[in-house]
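Let chain Z serve as the given structure and place chain U on it in line with the hints.
There are 2 protein chains.
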Amino acid sequence: MEKCDVLVIGAGPGGTPAAMALASMGKKVILVEAGQGLGGTCLFEGCIPSKIIRESARRLRELRMAKEFGIEAPVNEARVNWQTILQRKARILQMRSQAARHKGLQIPGFDLRFGRASLLSPHEAAITLADGSTQSIGFEQAIIATGSRPNRPPIPGIDLPGVLDSEQILSIESLPERLTIIGAGPIGVELGQMFNSLGTRIHLLEVAAHVLGPVDEDLARQLQQRIAAEGIDIDTGIRNLSIEKDGDDLRVRYTNAQGEAAQVLSDRVLQVTGRHPNLEGLGLENTAIEHNRHGIHVNETLETDEPGIYATGDVLGQPMFAHWATAQSLALAQHLAGRPTPFPRPEHNSAVIFSEPELGMAGLTEKQAREQGIEYEVARYDFRQDARAQIMDQAEGLLKILFERDSRKVIGVHALVEGAGELMGEAALLVRAGLPIELIAGAIHPHPTLTESFAVAVRAALASRARGS
Amino acid sequence: MEKCDVLVIGAGPGGTPAAMALASMGKKVILVEAGQGLGGTCLFEGCIPSKIIRESARRLRELRMAKEFGIEAPVNEARVNWQTILQRKARILQMRSQAARHKGLQIPGFDLRFGRASLLSPHEAAITLADGSTQSIGFEQAIIATGSRPNRPPIPGIDLPGVLDSEQILSIESLPERLTIIGAGPIGVELGQMFNSLGTRIHLLEVAAHVLGPVDEDLARQLQQRIAAEGIDIDTGIRNLSIEKDGDDLRVRYTNAQGEAAQVLSDRVLQVTGRHPNLEGLGLENTAIEHNRHGIHVNETLETDEPGIYATGDVLGQPMFAHWATAQSLALAQHLAGRPTPFPRPEHNSAVIFSEPELGMAGLTEKQAREQGIEYEVARYDFRQDARAQIMDQAEGLLKILFERDSRKVIGVHALVEGAGELMGEAALLVRAGLPIELIAGAIHPHPTLTESFAVAVRAALASRARGS
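First to last, the sequence lines map onto chains Z and U.
Residue numbering for the first sequence follows our numbering, starting at 444 and increasing by one per position.
Residue numbering for the second sequence follows our numbering, starting at 444 and increasing by one per position.
To be clear, the hints were calculated from the coordinates, so they are not data collected in a lab.
Please note that a few of the clues may not be correct.
What the hints assert, rightly or not - With a cut-off of at most 30 Å between alpha-carbon atoms, the simulated DSS-like pairs for lysine-lysine come out as follows: (1) U:K843 x Z:K852; (2) Z:K546 x Z:K470; (3) Z:K810 x Z:K688; (4) U:K446 x U:K510; (5) U:K510 x Z:K510; (6) Z:K546 x U:K843; (7) Z:K810 x Z:K852; (8) Z:K843 x U:K546.
Okay, chain Z solo, but in the shape it has when bound (with noise of 0.2 Å):
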């Protein structure tokens, strides 16, 4: 039987940076991957390729702008040619794929398969690779990194041809002309807003009271008013959701907030009402790991039920996010290599939609604050002010900065603006180290850019205070 000290299991934004940074300080690391390649959804099925779209459908919308900002050419005449898009797609993913491939190469102790870890014991494995061959694996510990699938739904009709999940629909072989989309979380809106924009038809269906559910009511309230004047249909509070067949359309019904029978009609019908971890086929049954379907029990260095056997990301449940599986995991990887390090704490996770405008949030949300008992304060600042937001035209936004009123140190930001993802690298260094307001105030931000934004809200928090007190 073949030995390692780690062996890793799912090469998505997970398990990768583990196993390498494992194998960087000295272990012998086997990671092995179930797909093709190295990154798992975000790359492949998630995060990556759907910016990569946006980002054509960012440049579309821009481009029927020309004409405001003095540049005249026959933009009505514009075309979205999808299969440059899924080539340009294929292209960028391969490329990420095979960088990562290669700095594994470069990393002795670092060792990649291909195929299905299925643990046997505590300390053994089986991989079946592609070929069905099976190879026999001891180890000294071991990572679960399996990560997430989108959720089916018990709706019926889910299983018809042309109701895709949030995966597929990156992969569409044309641009449906009218898409329904069950969902208007994050993902949702997102996807919505970037194939409207691509010209698809959309309606937005949500069970929920409103869209955008964990994000600050007031930025999500934004940008619904937002989504709406872009031609979005939205109906919320829906339920008695169900899909047919009606020639070559998909009719989904149901019954709306007022209580009455709606239906739609569209192309191709879109859900994306969350996802699961992939537990199924790892023999976690020849372990003590504790799981339910919402994930794997772990304790706070990331170890599950079964000492030795550890297991980060997706596949722990919520927050289910790319970048909070690497952080977990490059802790996680210093933590097993005898250098602790802090693990890290959802209250500094930070995340963005991609939508239009982007949404950022970094740390706690108002409600969080409130349910958590935390005497807070917001500074605020409207984003309509603003000369970079001027200058690029932007029509709306918002940047909330809660801070703990006492201490004034920062432990939430929120941002609605074009460009709101890049301002979330000050923010969740803010929420992360806990910095007072005064050194927003005191750093010395650049004009004109949105980051100015950040000082402007809290010298007025400030100045507030200064008068009241």
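Quick look at chain U alone, frame taken from chain Z:
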């Protein structure tokens, strides 16, 4: 004689925030502006108008790249409507100036006058209004914030019609076909790339051996390669400049770095060779204020040699940045209101060159760190490996984070990538707060954004140190 607490001379990014902050804190303030509105050079002739034009240039460039992103349109038929750009510029400038004026109107104790102020004594000034009438103002304290204007270097022919400075070019009546730019510092490069994208043939001439004088050398080299690849001619290390008229054109003669006589013909010449403070007519001779052609002398609290009279912004000489002036002025306002706060320090300053791609910097360059005898290391990141940069089709880009060797505190950040401006929020905070790189590594930057580069760069540096130890 009318009396006030504080007389502020100049309503640019230095004077305006100081005046508003002081009035908000209960002072009776008179703000005197010699121009037409609130905003100064930055708003009317500098940062903002150039960025508005640059936005049109950026959109035209992206439009020409549409096909690669799967957007098919007859982009070769695209034409620049310069009048539309000028009108858009005028609209935004007016909107911003009026918004500032409106904000001022809401502050009791804030009194705006349009005219020219001249000091008659250490506590009295005369304001000459547009109609020729004068007002006499007594003040307890004064702030001189009169800014700067472009140099007019002693080059033969510099006064010929068609030789423009960095302010005049932004309001030129039509796009020149060929433009020779004397001075390839940050502003020359920014304007050169902008007009090049709009279709003007650009020739950059620089007396120094390299372009982009104060910029990190690695970034300057990379940007220079990009500029050359765009078809902009660059000639550095030149001397013996002269300009003469040749029919409808202007001929610039010079000696190139090889000592050969050279010349370039164009319809306009832009000279961008620095700025000097506006000191004339201020009545400085009626006070003890010390000054020379580089600016007014002040102490560490921005007080001139005349007690009670302060100065801020470009009128102090280098560095000349709108955000630097604002940072100084806000600290000064607190100081004058008896609420001392730290004054900004040059080593915490930041800047963005809106080149293609953007170039952002905060804190010290390697050259400055060496000159100050600081033991430092550099964390690097090549944006060609970056997901977000690949999505945006960025073909080059580099991040450098300088940190003190022992304390690991960040002392400088330099980034070349489209979007680098927004990365300077985190950068400015890092250098201002002197945070160690471990905090960057631990902050959870969202994926896929350019901000991840900060974490990846310092993690690599930390891993390298760990191996070395």
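Hint check results:
1. This hinted pair checks out: K843 of chain U and K852 of chain Z have alpha carbons roughly 28 Å apart, not beyond 30 Å.
2. Straight-line distance between C-alpha atoms of K546 of chain Z and K470 of chain Z comes to about 16 Å, which keeps the hinted pair within the 30 Å bound.
3. Using a Cα cut-off of 30 Å, the hinted pair K810 of chain Z and K688 of chain Z is violated, with the two alpha carbons roughly 41 Å apart.
4. Restraint check for K446 of chain U and K510 of chain U: not satisfied, since their Cα atoms lie roughly 65 Å apart, outside the 30 Å limit.
5. Annotation: proposed proximity of K510 of chain U to K510 of chain Z holds, straight-line Cα distance about 19 Å (limit 30 Å).
6. This hinted pair checks out: K546 of chain Z and K843 of chain U have alpha carbons roughly 21 Å apart, not beyond 30 Å.
7. A distance of roughly 17 Å separates the Cα atoms of K810 of chain Z and K852 of chain Z; the hinted pair therefore holds under the 30 Å criterion.
8. Taken as a hint, the K843 of chain Z and K546 of chain U pair is honoured in the structure, with Cα atoms around 21 Å apart against an allowance of 30 Å.
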